[in-house]
Amino acid sequence: MPFIPHTASDVQEMLAVLGVESLETLFEEVPTELTWAGPLDLPPPLSEMALARLMRERAAQDAPLLCFTGAGAYEHHIPAAVWELATRGEFYSAYTPYQAEASQGTLQVLYEYQSMMAALLGMDVVNASLYDGATALGEAILMAIRAKPECARRVLLPTTVHPHYRQVVESMLRGLEIEVVSVPYCTEGGHTVPEVLSQWESRSFAALVIPQPNFFGILEEIHTLTDWAHARGGLLIGLVNPLSLGMLQPPGQWGRQGADIACGDGQPLGIPLSSGGPYFGFMGCKQAYLRQLPGRIAGRTIDKKGEPGFVLTMQAREQHIRRAKATSNICTNQGLMTVAATLYLALLGPQGLRRTAEACHAHTVALAERVCAIPGVTLLFHRPYFHEIALRIPASVPRLLTRLEQQGIGGGVALAPLYAELEDTLLLCATEARTREDCDHFARTLATLLAEEH
Amino acid sequence: MEPLLFDLSRAHRQNSHHDPASWAEDAGAVSQEGAGTPPLQPFLRQQAVPLPEVSELEVVRHFTRLSQRNFSVDTHFYPLGSCTMKYNPRICNTVAMQAGFLHRHPLTSTSQSQGVLACLYELQEMLCTLTGMTAVSLTPMAGAQGEFAGVAMIRAYHQARGDRQRTEMLIPDAAHGTNPATAALCGFTVREIATDAQGDLTLTALQAAVGPRTAGLMLTNPSTLGVFERRITEIARIVHDAGGLLYYDGANLNAIAGRIRPGDMGFDAIHINVHKTLATPHGGGGPGAGPVGVGERLRPFLPIPMVGRDGHGTYHWLTTTEFPQSIGRLSTFHGNIGVLLRAYAYLRLTGAQGMRRVADYATLNANYLMARLAQAGFQTAFPARRATHEFIITLKGEAQQWGVTALDFAKRLLDYGFYAPTVYFPMLVPECLLIEPTETESRETLDRFVEAMVAIRQEAMQDPQRLREAPHAIPVPGGGTSRLDDTQAARKPDLRMPL
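Chains as they are written, first to last, in the numbering used here: chain A, 1 to 454; chain B, 455 to 953.
Accuracy of the hints is not assured; some may be wrong.
[Claimed, not checked] Lysine-lysine pairs mimicking DSBU-like chemistry, simulated, CA-CA at most 30 Å apart: (1) K305/A - K946/B; (2) K305/A - K850/B; (3) K946/B - K325/A.
[Said to hold, decoys possible] Each pair of labels, with its calculated beta carbon distance range: (4) T768/B - G38/A: 27 to 33 Å; (5) I302/A - T548/B: 36 to 42 Å; (6) S896/B - A316/A: 36 to 42 Å; (7) R467/B - E421/A: 48 to 54 Å.
[As the list claims (entries may be wrong)] Simulated coverage check for chain A against chain B, where a stretch passes if three residues somewhere in it have a Cβ under 8 Å from a Cβ of chain B: (8) 66-76; (9) 273-286.
In case anyone wonders, no lab produced these hints; they're calculated from the structure.
Built from N, CA and C at the ideal position, the CB exists for glycine as well.
Please model the entire structure based on the sequences and the hints provided.
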């Protein structure tokens with residue numbers, strides 16, 4: 001019996017205390033017709049040894065690829081200490097820290113996480129995490145709608161936001177009578193230009209979302225757009241890659257007043273690719289909107305002896321207190337991922353984070369130089385970018401990607417399935433983890449495959 | 455207390471071995487104009503990020519010391535009701551953390567993903583079997599998101615039939631807070647249904663509430679009161695007859711997994727908290743996963759993506775192409791796959807027999823613990839009822855006699871080296887402790903918990919102040935903190951280090 005410590009005599013003695021003959025008696029209140037009498041069609045139990053072998057074989061089934069794919073999930077160096085420590089049983093097997101005095105480890109980490117993320121984002125306050133970047137954006141939009149009752153229930157969402165994020169936002173908002181307006185991008189620059197927003201007057205929208213960098217890797221005109229939204233009484237939601245902020249301006253410093261809410265996916269901060277999850281969503285805001293912030297928040301207080309300590313706080317916003325009137329239904333978040341992110345930021349420090357961001361960018365520039373030297377391959381957009389590029393490719397991209405995979409290369413993402421107008425284009429990324437040899441190898445392989453196409 | 459990382463910081467201290475040491479010649483010269491792109495200068499941060507600068511050894515020591523200030527399943531009995539704090543098998547972590555799973559990009563083609571997809575497909579199938587549902591989507595990232603998926607599917611079902619007047623969601627007054635919060639997020643009005651003195655849903659109240667506006671009923675069974683909802687078949691009939699659907703909150707599935715299937719009870723949609731029933735870790739607040747299962751009627755509306763298998767045994771993602779009526783995508787990629795792999799590993803270890811024993815022994819432990827506490831003079835909330843996998847005691851009598859509260863008991867338990875049961879939930883029972891021992895605890899541990907409760911009760915009688923001021927010395931390095939001031943935390947929010 002896996003993980004059940006009872007001996008036969010334990011069971012007999014425990015049943016004797018209960019005054020019953022058999023375990024079945026304990027289920028006597030369940031109507032008999034509801035008890036499943038048939039065999040459960042599950043595979044027979046495995047020993048730990050057999051399970052380990054099975055899972056080793058499953059993990060080995062898919063050969064690892066040399067990764068040039070980004071599109072919302074990025075391969076970065078993760079210091080070994082991050083997961084050595086994050087999987088310590090005391091972090092791994094604890095619950096949400098309801099009993100603060102017996103959960104100071106988790107709570108202090110959360111406070112440190114909130115402090116570091118606030119510093120990184122240039123925001124006043126940060127919550128203790130949401131599920132992922134896409135749901136964080138959905139929550140940010142709901143928050144903006146609550147915070148701006150004087151504005152129309154409408155948000156302006158550029159098509160330069162990750163298409164999957166936009167799909168999640170649609171799923172989350174359906175049924176709430178909130179209009180999401182898709183803002184088209186500039187076909188030359190791959191970015192959002194204020195001119196396409198001109199029809200939206202004061203108070204006709206609650207928030208404008210700006211991704212930085214955007215899905216194409218392009219840097220948006222954050223200052224102009226932030227000021228534009230503020231001039232019309234709307235909030236500005238900055239959707240950012242946290243690692244890029246080692247180098248790029250934090251949302252808190254966009255425009256004259258800064259973004260009001262910043263959110264995104266924390267995966268680049270020490271979280272493995274893991275086939276897409278678990279990652280974590282982060283969210284911060286200006287002090288003025290604190291009471292509309294969803295999710296757990298840790299705070300510092302004092303104990304009976306006047307010593308500092310940490311608790312979960314501002315709980316009057318949450319579902320277990322406010323029920324139907326809560327800011328969100330979120331309960332369990334992605335706690336352990338924030339432990340990893342806190343470790344990651346602590347180990348890299350300001351210098352390491354900046355150097356990592358710079359290396360990501362430099363490697364993508366170097367990769368762009370190499371691939372753009374191949375006849376027919378050009379950058380799709382001509383604007384500054386960060387660690388991701390959209391390319392025009394003189395070939396069928398799906399077939400190209402298959403052939404790259406056959407050579408052990410994860411060669412990016414075809415844009416056409418996500419943007420019908422972007423036929424024969426490819427989204428490509430190189431992080432600090434890609435060596436010169438990797439980039440040379442990629443460019444050579446691409447050149448060879450393209451030559452064979454013609 | 456342990457100093458903050460910021461207090462350990464010294465300017466210019468670095469861990470240079472994490473510096474990427476870029477091979478690109480001018481990585482630092484970020485105004486470069488490589489490949490004809492314009493300069494980055496206008497977008498650059500002016501000042502360095504004000505992060506702490508700490509050596510790796512100090513970071514390791516800091517986090518090791520912090521971890522030791524936690525109670526956890528690995529270190530302490532953690533009978534937190536409604537949370538199923540059972541042992542998280544280490545092997546499940548080991549196999550999920552293998553490079554083949556960990557370093558795989560989510561957008562890798564399915565032909566290069568057959569190993570992980572096989573695990574997910576089989577997990578879907580096993581969850582169908584376990585719950586008696588027709589189809590499962592694994593994508594929700596926690597129980598509350600599973601609830602969202604379930605309620606959104608109920609909304610989509612009614613709308614697809616052109617039945618637009620169903621705007622009310624019925625929810626028992628004892629329900630988890632996530633239930634009404636979720637219903638509101640899906641645009642429903644919440645209508646509460648009262649519970650009777652025996653912990654069952656009041657059928658007359660339900661009869662009175664159902665009607666043409668009823669979209670559905672959200673129910674946990676066993677309920678949050680730690681008892682089995684005996685008239686569930688009748689409840690299902692009443693709701694279905696009114697045209698509504700039934701949602702099963704899987705928070706308490708550990709009590710019945712393998713014995714009773716929500717599908718057989720009449721539920722149309724369910725979520726499963728894999729971080730409860732399937733022993734994946736809680737991680738100090740997540741990540742979890744909340745797969746949703748449905749009967750035939752709701753199948754077209756399941757959230758995408760799911761895993762399908764073709765005639766050749768090849769696995770692929772199912773999307774809106776196959777499920778055009780889907781409520782859509784709920785996560786950027788495919789949900790918390792790393793967590794789902796742990797759940798898969800756990801189910802392969804237990805198999806069918808093991809799963810049934812989980813419910814049996816969780817129930818045995820809860821009933822044993824309840825009986826021992828009752829014999830010791832504690833008042834159980836429903837003395838005429840069997841416990842399920844958890845039960846409630848009320849300290850109303852102790853509060854009246856000695857002026858000590860459930861919270862005082864909870865805090866004093868920490869001194870004895872036990873994490874506290876859930877306090878003040880469900881709110882229907884005054885001064886309550888909701889106690890869930892789980893099947894992975896031995897009889898000796900349960901006996902020690904009873905001894906501690908008896909000793910604390912003795913203290914309440916003789917020296918109630920000792921409880922009111924608890925905890926005094928939590929068994930963690932440095933003795934832990936004394937009782938923390940929640941009121942001050944909320945009144946003067948200190949939510950980050952000032953810069």
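Hint check:
1. K305/A - K946/B: Satisfied, since the Cα-Cα distance of roughly 18 Å is no more than 30 Å.
2. K305/A - K850/B: holds (29 Å)
3. K946/B - K325/A: holds (23 Å)
4. T768/B - G38/A: 27 to 33 Å: holds (30 Å)
5. I302/A - T548/B: 36 to 42 Å: holds (41 Å)
6. S896/B - A316/A: 36 to 42 Å: holds (40 Å)
7. R467/B - E421/A: 48 to 54 Å: holds (50 Å)
8. 66-76: Since three or more residues must qualify, the claim that chain B covers the segment 66-76 of chain A holds, with 6 doing so at under 8 Å.
9. 273-286: holds (count 8)
Of the hints listed earlier, there is not a single one the structure fails to meet.
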